[in-house]
Amino acid sequence: MTEGPIGKKIILFAIPLFWGNLFQQLYNTADSLIVGNFLGSDALAAVSSSSNLIFLMVGFFNGVFMGSGVVVARNYGAKRYEKLSKAVHTAFALALVAGVLLTVIGMVLSPVLLRLMGTPEDVMPNSVAYFKTYFLGSVGFVLYNCMVGILQSVGDSRHPLVYLIVSSIVNVVLDLLFIGVFHMGVEGAAYATVIAQFLSAILCLLHLTRVDAEYKITLSKVGFDMETLGWILKYGLPSGIQNSIISLANVVVQSNINAFGKMAMAGSGSYSKIEGFGFLPINCFTMSLTTFISQNLGAKEYDRAQKGAKFGIMCSAGLAEMLGILIFIFAPMLIAMFDNNPEVIAYGVTHARTVSLFYCLLAFSHCCAAILRGAGRAVIPMYIMLGVWCVLRITYITIIVRIIPAIGAIFWAYPLTWGISSILFLIYLLKSDWLYSFT
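Mapping the sequence shown onto the working numbering, position 359 (from 1) lands on 359, and the numbers just tick up by one.
Hints were generated in silico from the structure; no laboratory data involved. Please note that a few of the clues may not be correct.
Below 27 Å or equal to it, Euclidean Cα-Cα: the simulated DSS-like pairs (lysine-lysine) are [said to hold, decoys possible]:
{"hint": "1", "residue 1": "K8", "residue 2": "K132"}
{"hint": "2", "residue 1": "K307", "residue 2": "K216"}
{"hint": "3", "residue 1": "K216", "residue 2": "K431"}
{"hint": "4", "residue 1": "K221", "residue 2": "K8"}
{"hint": "5", "residue 1": "K307", "residue 2": "K431"}
{"hint": "6", "residue 1": "K216", "residue 2": "K310"}
{"hint": "7", "residue 1": "K79", "residue 2": "K307"}
{"hint": "8", "residue 1": "K234", "residue 2": "K132"}
{"hint": "9", "residue 1": "K79", "residue 2": "K431"}
{"hint": "10", "residue 1": "K310", "residue 2": "K8"}
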């Protein structure tokens with residue numbers, strides 16, 4: 001990532017990420033499609049209500065592993081291979097501990113958290129069953145995210161794509177088998193996801209233990225190097241805290257949606273799966289930008305890092321807006337794929353047409369956050385997103401539901417906060433010396 005045409009490097013790295021994210025979104029969507037069509041609106045509402053809560057639990061650890069990715073990319077770009085090896089093995093050890101911890105937390109706290117969200121009682125049994133089963137696979141998906149982060153940080157986005165395609169196909173097949181043939185209900189969908197996640201983690205591990213490269217994992221070396229762990233936490237904790245607090249804000253939003261009943265939950269949950277496709281260019285370019293910026297600043301290629309940042313922002317925002325326009329136009333047909341109940345469709349379309357034309361703002365904020373993480377300034381996006389996407393979003397929701405008791409007013413929380421965070425990020429990038437603070 002430190003040599004050659006900037007646009008070509010970023011796009012070639014982003015394309016496998018795009019396809020990987022596409023397959024991941026397809027198998028996430030397949031869960032809801034199969035649940036909605038085989039099990040009905042109640043089961044779809046249960047699965048949908050769990051998604052924000054799942055990200056609340058998982059988001060912290062994913063954010064921490066963004067920090068390990070920055071450390072790996074920085075040492076790889078600077079050709080400090082001994083430190084690179086320590087970063088890889090420390091990150092893997094941290095993932096093992098985090099996976100076990102997340103399993104315990106998810107299993108114990110799921111009923112309490114779902115009740116705090118105001119999940120309707122008729123949906124609660126299915127929600128608890130899905131949530132608990134899903135978190136049995138915590139070790140698998142935490143290890144997978146850790147190892148994918150390592151591969152992407154050294155510029156390898158091809159192998160994660162292959163493993164994700166395999167696990168996606170397995171997930172869809174198992175969904176149909178467990179739900180359609182064995183009639184296992186929402187737990188069947190969760191078991192399918194767990195098995196698929198463990199499969200992808202095993203494939204990543206086999207590759208990283210066999211690859212002939214400086215970032216190879218040797219199981220006997222897995223353990224904590226305290227200095228390296230300190231760097232990982234320095235860069236990763238702000239992102240982890242940011243993810244968790246933003247997820248907490250979204251849980252508050254979801255609890256307000258839940259107050260409108262299970263049809264609103266199903267409709268909004270269906271839209272969230274569609275929204276995942278709008279996130280595709282955002283996800284692939286943010287991952288590309290963090291790696292690109294980290295490697296180039298590690299190699300002291302400051303001008304190249306700045307040009308890459310501008311290119312990535314423009315591509316991500318433009319593509320996200322194009323997808324947003326398509327979702328706005330075809331929202332009724334897309335929501336109906338999950339559930340043809342007119343009330344469910346109406347709620348889903350309202351959500352889609354409130355937010356989809358503002359995807360460019362979402363892309364801009366995420367790209368700026370990715371650039372600053374790659375530059376070692378993860379606390380800045382943490383402060384901005386905590387202040388805007390959490391505090392301001394919750395404040396807005398708390399006030400607006402009392403003034404305008406309509407679900408559409410709740411949905412406006414997203415584009416409003418995306419716009420404000422974009423302004424703050426733009427001011428910071430233009431006024432600060434973020435390029436030259438990397439160590």
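So, going through the hints one by one against the coordinates:
Pair hint K8 plus K132 does not hold up; C-alpha atoms about 43 Å apart against a cutoff of 27 Å. With a CA separation close to 31 Å, the supplied pair K307 and K216 exceeds the 27 Å bound. Among the hinted pairs, K216 with K431 is inconsistent with the structure: their alpha-carbon atoms are about 40 Å apart, more than 27 Å. Restraint check for K221 and K8: the C-alpha separation of about 36 Å exceeds 27 Å, so the hint is violated.
Only pairs whose Cα atoms come within 27 Å are accepted, and K307 paired with K431 is accepted, the gap being roughly 17 Å. Taken as a hint, the K216 and K310 pair is broken in the structure, with Cα atoms around 33 Å apart against an allowance of 27 Å. Under the criterion of a C-alpha separation no larger than 27 Å, the hint pairing K79 with K307 is consistent with the structure, at around 22 Å. The straight-line distance between the Cα atoms of K234 and K132 is roughly 31 Å, outside the 27 Å bound, and the hint therefore fails.
About 31 Å separates the Cα atoms of K79 and K431, which puts this hinted pair outside 27 Å; it is violated. Distance hint between K310 and K8 is fulfilled; the C-alpha atoms sit about 14 Å from each other, no more than 27 Å.
Violation of the numbered hints given earlier is confined to hints 1, 2, 3, 4, 6, 8 and 9; the remaining hints are satisfied by the structure.
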